[in-house]
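Protein chains in written order, with my numbering: chain A, 1 to 404; chain B, 405 to 495.
Careful: at least some of the hints might be erroneous.
Said to hold, decoys possible - Cross-link-like lysine to aspartate or glutamate pairs, in silico, EDC-like; alpha carbons within 20 angstroms at most:
{"hint": "1", "chain 1": "B", "residue 1": "455", "chain 2": "A", "residue 2": "23"}
{"hint": "2", "chain 1": "A", "residue 1": "260", "chain 2": "A", "residue 2": "361"}
{"hint": "3", "chain 1": "A", "residue 1": "20", "chain 2": "B", "residue 2": "454"}
{"hint": "4", "chain 1": "B", "residue 1": "493", "chain 2": "B", "residue 2": "482"}
{"hint": "5", "chain 1": "A", "residue 1": "20", "chain 2": "B", "residue 2": "456"}
What the hints assert, rightly or not - Cβ pair distances, simulated, as ranges:
{"hint": "6", "chain 1": "A", "residue 1": "95", "chain 2": "B", "residue 2": "435", "range": "29 to 37 angstroms"}
{"hint": "7", "chain 1": "B", "residue 1": "425", "chain 2": "A", "residue 2": "53", "range": "58 to 66 angstroms"}
{"hint": "8", "chain 1": "B", "residue 1": "416", "chain 2": "A", "residue 2": "53", "range": "29 to 37 angstroms"}
{"hint": "9", "chain 1": "B", "residue 1": "455", "chain 2": "A", "residue 2": "95", "range": "46 to 54 angstroms"}
{"hint": "10", "chain 1": "A", "residue 1": "67", "chain 2": "B", "residue 2": "471", "range": "24 to 32 angstroms"}
Claimed, not checked - Here are some, though not all, of the chain A residues that point toward chain B, as calculated from beta-carbon distances under 8 angstroms:
{"hint": "11", "residue": "21"}
{"hint": "12", "residue": "23"}
{"hint": "13", "residue": "26"}
{"hint": "14", "residue": "36"}
{"hint": "15", "residue": "37"}
{"hint": "16", "residue": "38"}
{"hint": "17", "residue": "40"}
{"hint": "18", "residue": "283"}
{"hint": "19", "residue": "317"}
{"hint": "20", "residue": "320"}
{"hint": "21", "residue": "324"}
Everything labelled a hint here was simulated from the structure, so no lab data went into it.
Since the structure is predicted, the reported quantities are computational estimates derived from the model, not experimental observations.
Just so it is clear, CB atoms sit at the ideal spot from N, CA and C, and this is done for glycine as well.
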Amino acid sequence: MRFGLKEWTEGYVTITVRGKRFERFLNMAVREGLRVWNIRRVAAETCRCDILIADYFRLRPFLRETGCRSHVEQREGLPFWLVRLRRRSGLAIGAVLFLVGLYMLSSFVWTVEVTGTKQMSPQKVLNAAEEIGIKEGAWKVKLKEPLVLRKELMSLLPEASWIGVTIQGTKVTLNVVEKDDPVKPIVLGPRHLVAKKRAVIHTILPESGRSQVKVNQFVEKGQVLISGIIGSDQRQQVVAARGTIKGEVWYRSDASVPLKQTQFRLTGEQLEQQYLVVGPYAVQLWPWNKQSFAQYESEESRFMPSYAGYTSPIGWKQITQTEVVQNEVELSVEDAIAYAKRFTREDILRKAGKDAVIQEEKVLHARTENGKVYVSIHFSVIEDIAVEQPIAGFPQSPALDSNP
Amino acid sequence: MRRWSRRLRHLAGGVLDLPQDVVLEVPRITMIGHLQMYIENHRGVLHFSEKELRLLLTNGQLIVSGEQLVIRAILPEEVLLEGRIGGVKFV
């Protein structure tokens, strides 16, 4: 029966009608087809009702006939809004300009993003994209369909096997999928594999070249293990020798361990001190009394507010002191030897390389002197002993010249 | 003549099984609790105040009593009344 939106767009007024014959006035108005709503009696001879603006101007004859008087109380709806808006035209113009500006700015390309490039430089893709019109500041309306753009871009960039062009708002994303080139083998020059250290051969696995040594053979440093020269005496060729040679290497290491050891142990007790930092000064704020442990480790953390490269001179500092207790420990000789073994083992493995395995360890002798244990330990370690040695001055075969 | 037409209407209502308000000129009143009241087939407002609405009908009057009565909408033959409706009375 009532349409709120329609009434609002046409505009309506709230009027009060004063007069003894209001009911008659109402009947006449309704019969004439005027739209009246929200009728309520305010006082004995006064009623309030809402009425459309257009109908308000048709009220006059009924008012005169019934001897009533009307008074407009409130104006509502779109027409009155427009009147108010005209008074503040700047606001309206601003709102419209804002919407127009927003629409215009959103019809440009503002960022071009390249994803998925590995070998190719993104700049190259961007340059190619600029040639077909995809660049920052381009008008989106003038760009072609993404499918057409994709085809053109792919013809410009033959290195890519596929290029996806997606326009999302003001951002263009170029998703490049590159062709995978076959992996090029690393070309090795002719070389021997020689021994790095004095060792006894443990395993030998030649992949290319001719092995010159046997398992359990003793080799000196610099001795050729796998030769890069193959073939018979009449017909020789040089190759890059490859293979794995592991040898047993002997190490002897001496260590001294004091029997009396001082150990530091954390008790878990902690104290926190809060400081206010002003420039180079720090003022202790909490706790008030200065207390600390007999021995402690302290850790400091600072909070200085900073923004855009500027650091505030005022900040906060927190010092955490952790209590430390010192213990004197008397080691037995066996413990001291075990201790020495552990350390020398780590040291040997560091020297021998990462694949090294300790095969055997033997304490040669241990003696106690002046409160210290002197130990010398023998290690036999299995490690990679091969090292490359390029072959120079060998007459190259014609086959190698043509295919370096 | 009027008596004839009324008898004819009664007869038609009985035979064709039509609703009474269509055949006879009586109001059709729909109420939603005591909050809202929808009256069709009235013949004009006789009196309206916060406590009472008196409507003219073809035969007699309808008196709706209540509190804080408001006519939400009014058309030549329909009234939508809101408020705390206390009673409905035919006079």
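If you check each hint against the structure, which ones fail? 2, 6, 7, 8, 11, 18, 19, 20, 21
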